[in-house]
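**Q** The chain contents come next:
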Amino acid sequence: EAGVTQSPTHLIKTRGQQVTLRCSPISGHTSVYWYQQALGLGLQFLLWYDEGEERNRGNFPPRFSGRQFPNYSSELNVNALELEDSALYLCASSPGGPQAFFGQGTRLTVV
Amino acid sequence: KNEVEQSPQNLTAQEGEFITINCSYSVGISALHWLQQHPGGGIVSLFMLSSGKKKHGRLIATINIQEKHSSLHITASHPRDSAVYICAVKYFRDYGGSQGNLIFGKGTKLSVKP
Numbered sequence: 570e571a572g573v574t575q576s577p578t579h580l581i582k583t584r585g586q587q588v589t590l591r592c593s594p595i596s597g598h599t600s601v602y603w604y605q606q607a608l609g610l611g612l613q614f615l616l617w618y619d620e621g622e623e624r625n626r627g628n629f630p631p632r633f634s635g636r637q638f639p640n641y642s643s644e645l646n647v648n649a650l651e652l653e654d655s656a657l658y659l660c661a662s663s664p665g666g667p668q669a670f671f672g673q674g675t676r677l678t679v680v
Numbered sequence: 003k004n005e006v007e008q009s010p011q012n013l014t015a016q017e018g019e020f021i022t023i024n025c026s027y028s029v030g031i032s033a034l035h036w037l038q039q040h041p042g043g044g045i046v047s048l049f050m051l052s053s054g055k056k057k058h059g060r061l062i063a064t065i066n067i068q069e070k071h072s073s074l075h076i077t078a079s080h081p082r083d084s085a086v087y088i089c090a091v092k093y094f095r096d097y098g099g100s101q102g103n104l105i106f107g108k109g110t111k112l113s114v115k116p
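From first to last, the protein sequence lines are chains R and P.
Note that our numbering has the first sequence beginning at 570, numbered continuously upward.
Note that our numbering has the second sequence beginning at 3, numbered continuously upward.
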């Protein structure tokens with residue numbers, strides 16, 4: 570069974586640009602979580618999607634947004650990139666309840 | 003207060019040593035996760051606990067719900083165990099906007115020398 574897959578694995582963007590990161594959950598999982606891990610910092614919760622709806626949002630500005638598709642895959646969009654958005658972005662999926670399965674992450678570098 | 007605290011922050015051990023990493027939290031949880039993150043960044047879920055003890059190979063995780071404390075033990079440590087170990091909890095209730103998501107500790111960086 571395939572695990573949580575994220576794409577791309579790495580990318581470099583210029584300040585002010587926009588970026589879209591993608592996450593495919595484990596088959597049958599309806600919840601997708603997005604986390605940011607900036608250099609030297611711990612994991613911070615970004616967004617939670619379940620059954621296509623945004624259920625909770627972390628303390629991030631509105632230029633961080635996302636959506637979940639009918640097949641439960643998810644996108645994270647970041648507009649007007651800033652240097653401090655450089656981070657590892659991790660996606661986790663869950664069938665519900667406390668379980669969480671993590672992807673390998675997308676490393677975003679903003680220059 | 004809804005922090006998750008880990009100790010130690012950094013840990014250096016010699017190959018073969020027994021290692022313990024601790025995690026404490028402040029309010030009721032539905033589950034606690036121990037995660038491993040290698041330098042490449044990807045995270046592997048080691049254990050999910052809601053009570054008692056779990057063992058997988060050389061790794062043992064315990065949780066004491068009354069004391070709000072969990073430990074991760076590594077027996078006969080090996081250089082390949084070098085990684086950051088992260089404790090994360092899911093709270094029963096929505097504390098400080100934590101509904102549904104995991105709250106993470108800052109991690110323990112383990113380095114095992116040959």
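These are calculated hints, taken from the structure and not from any lab test.
Any given hint could be a false lead.
[As the list claims (entries may be wrong)] So, partial list: chain P residues that the calculated Cβ filter (under 8 Å) puts toward chain R:
{"hint": "1", "residue": "29"}
{"hint": "2", "residue": "33"}
{"hint": "3", "residue": "43"}
{"hint": "4", "residue": "48"}
{"hint": "5", "residue": "111"}
{"hint": "6", "residue": "114"}
[Stated by the list, open to error] Each pair of labels, with its calculated beta carbon distance range:
{"hint": "7", "chain 1": "R", "residue 1": "608", "chain 2": "P", "residue 2": "17", "range": "48 to 54 Å"}
{"hint": "8", "chain 1": "R", "residue 1": "580", "chain 2": "P", "residue 2": "24", "range": "15 to 21 Å"}
{"hint": "9", "chain 1": "R", "residue 1": "666", "chain 2": "P", "residue 2": "71", "range": "20 to 26 Å"}
{"hint": "10", "chain 1": "R", "residue 1": "584", "chain 2": "P", "residue 2": "28", "range": "36 to 42 Å"}
{"hint": "11", "chain 1": "P", "residue 1": "67", "chain 2": "R", "residue 2": "648", "range": "41 to 47 Å"}
{"hint": "12", "chain 1": "P", "residue 1": "116", "chain 2": "R", "residue 2": "587", "range": "18 to 24 Å"}
[What the hints assert, rightly or not] Partner residues aside, some chain R positions facing chain P, computed with beta carbon under 10 Å:
{"hint": "13", "residue": "588"}
{"hint": "14", "residue": "604"}
{"hint": "15", "residue": "657"}
No residue lacks a Cβ here, since even glycine has one placed at the ideal position from N, Cα and C.
**Q** Take the hints in turn and mark each one as holding or not.
**A** Hints, one by one, checked against the model:
1. 29: Cβ of residue 29 of chain P sits 15 Å from chain R, so the hint is violated.
2. 33: 3 Å, holds
3. 43: OK, holds: residue 43 of chain P within 8 Å of chain R, min 5 Å.
4. 48: It is violated, given that the least Cβ distance between residue 48 of chain P and chain R is near 11 Å, above 8 Å.
5. 111: 11 Å, violated
6. 114: 22 Å, violated
7. R:608 / P:17: 48 to 54 Å: Violated, at about 29 Å.
8. R:580 / P:24: 15 to 21 Å: Given about 37 Å between the Cβ atoms, the range is violated.
9. R:666 / P:71: 20 to 26 Å: Because 22 Å falls inside the window, the suggested range holds.
10. R:584 / P:28: 36 to 42 Å: 38 Å, holds
11. P:67 / R:648: 41 to 47 Å: For residue 648 of chain R against residue 67 of chain P, whose Cβ atoms are near 43 Å apart, the range 41 to 47 Å holds.
12. P:116 / R:587: 18 to 24 Å: 46 Å, violated
13. 588: 17 Å, violated
14. 604: 8 Å, holds
15. 657: Given a least distance of 5 Å, the restraint on residue 657 of chain R holds.
In summary, the structure is inconsistent with hints 1, 4, 5, 6, 7, 8, 12 and 13 from the numbered list given earlier, while agreeing with the others.
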